[in-house]
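Visitor: Each residue of the sequence shown is one higher than the one before, starting from 0 at the first, in numbering that gives the first Met the number 0.
Hints were generated in silico from the structure; no laboratory data involved. Some hints could be false.
27 Å max Cα-Cα, derived DSS-like pairs, lysine-lysine [said to hold, decoys possible]:
1. Lys366 - Lys396
2. Lys388 - Lys399
3. Lys334 - Lys399
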Amino acid sequence: MINALKGMKDLTDQSAKYYKKIIEVCEDVAHNYGFEFINTPHLEQSILFKRSVGESSDIVGKEMYEFVDKGGNEVCMRPEGTAGAVRAYIEKKFDKNVSIKRWFYHGSMFRYERPQKGRLREFHQFGVESFGISSVYEDASIILMLAEIFSRLDIKFKLIINSLGCSKCLPPYREKLINYLDNQEGFCEDCKRRKTLNPIRVLDCKNPQCQNLLSQAPLLEQNLCQCCLDDFTLLQNILKENEINFTLDSKLVRGLDYYSKTAFEFISDEIGAQSAIAGGGRYDRLIEYLGGKSGFGIGFAMGIERIMAILEQKDEKLQREGIYLCSLDEVYISKIFKIATRLRKKYKVLLSYEAKKLAKHLENADKAGAKNFLCMGENEFKNESLFYKNLENKDEKTIKISDLEQFL
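Generate the whole structure from the sequences, applying the supplied hints.
Guide: Structural data, given as structure tokens:
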């Protein structure tokens with residue numbers, strides 16, 4: 000038997016339904032905020048992520064599915080969605096006039112890491128990217144969008160925010176941080192590597208010993224220029240006015256090198272230990288890094304597997320949908336087949352090709368998650384009608400076939 004690769008799983012049955020539900024909620028909220036769908040390739044040039052994500056990132060250093068194709072090109076399976084969206088923005092020349100584009104996407108991402116609960120080598124994300132808008136109100140809208148998604152999915156969360164500064168205030172802070180790190184000993188190997196490539200990433204280390212060494216490190220929030228400080232203060236005020244609770248965390252730097260100014264993370268303890276379920280921020284420098292005209296960008300990415308795990312743990316009842324259509328005798332199968340064909344122009348119809356007892360059909364309809372049950376027996380056939388049962392509220396009645404669509 001040939002099995003799926005390690006860390007790559009099929010989405011079937013309940014898992015597929017949870018995935019579909021999450022995507023539908025995300026798409027609906029994103030549409031309400033003025034975002035439109037974009038689909039970027041799963042396969043990109045490796046240099047795209049090395050330039051954008053950064054050499055100091057674990058994604059580039061350890062996790063990319065990278066190879067040389069038959070044409071000698073260095074390519075990789077996309078490990079995240081933002082870089083591809085920025086490439087598309089530049090390739091379509093939207094950067095030339097700093098065009099406003101609001102996009103959302105969802106689909107597979109790939110990282111070669113040790114599979115564990117909530118982490119797979121092929122995983123799925125829903126993300127949004129907003130280009131061409133410098134206002135901090137857009138930052139707030141992106142955060143509010145995520146809060147609305149989690150509210151609709153009935154997922155409790157905590158929001159953490161920080162400001163990473165800009166090209167004016169970040170360099171002097173980096174020097175202060177390097178001086179501090181140079182006078183500390185005992186950092187892990189990852190931190191030693193990050194210190195050389197991007198010292199701010201050291202703040203993101205989860206190693207307890209490293210965190211202890213960082214207890215007296217200079218804080219970015221105390222080194223912001225006036226513009227960044229004003230924007231960060233305004234962001235906090237907007238969130239408060241819209242009743243979004245948050246916590247300030249000066250060590251929140253996100254896992255990627257391209258962020259600037261606003262950074263945020265949504266965490267949840269509904270799947271055991273507190274863990275991130277979504278995060279993002281502003282990346283005004285990334286468009287220029289990738290060869291475009293200087294502009295503005297902000298977005299987020301949400302891990303769908305982690306959201307699915309929360310919904311599954313709650314044993315949330317998925318909404319019933321569709322019609323289960325069946326017959327008590329084989330002689331009526333062709334008749335209900337014709338009815339199903341007509342109904343399928345407007346409705347989801349699960350048609351049973353086998354004659355069974357009513358109780359067995361009802362059991363199958365319940366397992367299939369159908370909302371409406373329609374069945375033809377001898378009496379129904381004679382009267383050109385169907386037996387109807389609502390599997391949610393248990394209402395029962397007989398309906399004329401001619402009145403079906405009006406009733407449904």
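Visitor: Give me the numbers of the hints this structure contradicts, sorted from smallest to largest.
Guide: Going through the list in order, the structure violates no hint and respects every one.
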